[in-house]
Amino acid sequence: MTEQTTFKKLITLTISFIVLDLVVQHIMVYQAVNWAFYQFNLDQFTAQFISKMTELIVVLGINAFVTKQKIYLKPRFTRLEALYWLFMVAVVIPFLSADNLLEAVGTGLMGGFPEEFLARAVLMGMFLTYLLKGGYRRHQLVKGILYADLAFALMHFTNLTHAPFSYVLVQSVLAFIAGLAYAAIYVQTGNIWSAVALHFVDDFVLTANAATGDLAMYANAAFSHFKIVLVIVLFLYWKKHEPELSRRIRHIND
Numbered sequence: 006m007t008e009q010t011t012f013k014k015l016i017t018l019t020i021s022f023i024v025l026d027l028v029v030q031h032i033m034v035y036q037a038v039n040w041a042f043y044q045f046n047l048d049q050f051t052a053q054f055i056s057k058m059t060e061l062i063v064v065l066g067i068n069a070f071v072t073k074q075k076i077y078l079k080p081r082f083t084r085l086e087a088l089y090w091l092f093m094v095a096v097v098i099p100f101l102s103a104d105n106l107l108e109a110v111g112t113g114l115m116g117g118f119p120e121e122f123l124a125r126a127v128l129m130g131m132f133l134t135y136l137l138k139g140g141y142r143r144h145q146l147v148k149g150i151l152y153a154d155l156a157f158a159l160m161h162f163t164n165l166t167h168a169p170f171s172y173v174l175v176q177s178v179l180a181f182i183a184g185l186a187y188a189a190i191y192v193q194t195g196n197i198w199s200a201v202a203l204h205f206v207d208d209f210v211l212t213a214n215a216a217t218g219d220l221a222m223y224a225n226a227a228f229s230h231f232k233i234v235l236v237i238v239l240f241l242y243w244k245k246h247e248p249e250l251s252r253r254i255r256h257i258n259d
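Each residue of the sequence shown is one higher than the last, beginning at 6 in my numbering.
Honestly, I wouldn't trust all of these hints.
Cut-off 30 Å, straight-line C-alpha distance, at most; resulting in silico cross-link-like pairs (DSS-like, lysine-lysine) [stated by the list, open to error]:
1) Lys14 to Lys232
2) Lys75 to Lys138
3) Lys75 to Lys244
4) Lys138 to Lys148
5) Lys148 to Lys13
6) Lys138 to Lys73
Ranges between beta-carbon positions, derived for each pair [claimed, not checked]:
7) Thr11 to Leu165: 41 to 51 Å
8) Thr166 to Trp90: 31 to 41 Å
9) Thr11 to Leu101: 10 to 20 Å
10) His230 to Gln36: 39 to 49 Å
11) Thr166 to His246: 40 to 50 Å
12) Phe45 to Pro169: 25 to 35 Å
13) Ile76 to Gln53: 40 to 50 Å
14) Val238 to Lys75: 37 to 47 Å
15) Met222 to Lys75: 37 to 47 Å
Note that these hints are calculated values from the structure, not bench results.
Bear in mind that the values here come from a model prediction, so they are computed numbers and not experimental data.
Using N, Cα and C, we set each Cβ at its ideal position, and we do this for glycine too.
The whole structure should be built from the sequences, with the hints applied where relevant.
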């Protein structure tokens, strides 16, 4: 198989995955959830939760039968990863007193699971599998992250059917920026659960707005700075050190 043929296959698979996901989710699932909304008198949040969790099933189903991208789930249990998980827990604790705790947890689940399996596990995985097949090169790794992140951000423009352009544009830009941190932790750990946790905590903290007090304020500030530092440090670290996801992908390719 030539380089050009392989690239065409990558583009075909990427477009097929995105189109199938959008068609199934925005047409079939939307219609089913909309019917259930009126049939069973669901509230808006419950309907949205069902829709997003169904999206996770759709993503996994399309990947199983069409794109067939391996999703890396196994953790390594290193000291740094243990500290990472402890930090995630520490950030969440001050917000457990929020009046809208269940809503915050639900919002975290809606973002963390379907979006990470879609954007990082499948989309980014396909780009990195192609770009790293010739060996580890940091610029190829970064290109794969940026391409997948951009594709996911642009998918938000389907929301123009029910939201103004200015809102969707901001939503897309924020999704791209936040996606850099989610991608960085997945690439470094080689474990999609790390990205799911970071995304969950991000949405959870943003939603648990009823939590007050200095501890919650400090936790929010620490978490925000952590994401920025995470991206900067890891992108520099990869200049001389190959991250775990790259090693796992190349092992499969070999």
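Do the hints match the structure? See the list:
1. Lys14 to Lys232: 34 Å, violated
2. Lys75 to Lys138: 14 Å, holds
3. Lys75 to Lys244: Measuring from Cα to Cα gives roughly 25 Å; hence the hint holds.
4. Lys138 to Lys148: Distance of about 14 Å is within 30 Å: holds.
5. Lys148 to Lys13: 17 Å, holds
6. Lys138 to Lys73: 17 Å, holds
7. Thr11 to Leu165: 41 to 51 Å: For Thr11 and Leu165 the Cβ distance comes to about 33 Å; the hint is violated.
8. Thr166 to Trp90: 31 to 41 Å: Roughly 38 Å apart at Cβ, these two residues keep to the hinted range, so it holds.
9. Thr11 to Leu101: 10 to 20 Å: 49 Å, violated
10. His230 to Gln36: 39 to 49 Å: Given range 39 to 49 Å: holds, Cβ gap about 43 Å.
11. Thr166 to His246: 40 to 50 Å: At roughly 44 Å between Cβ atoms, His246 and Thr166 fall inside 40 to 50 Å, so the hint holds.
12. Phe45 to Pro169: 25 to 35 Å: 30 Å, holds
13. Ile76 to Gln53: 40 to 50 Å: Since the Cβ atoms of Ile76 and Gln53 sit about 24 Å apart, the hinted range of 40 to 50 Å is violated.
14. Val238 to Lys75: 37 to 47 Å: Cβ of Val238 to Cβ of Lys75: about 27 Å, so the range 37 to 47 Å is violated.
15. Met222 to Lys75: 37 to 47 Å: Given range 37 to 47 Å: holds, Cβ gap about 41 Å.
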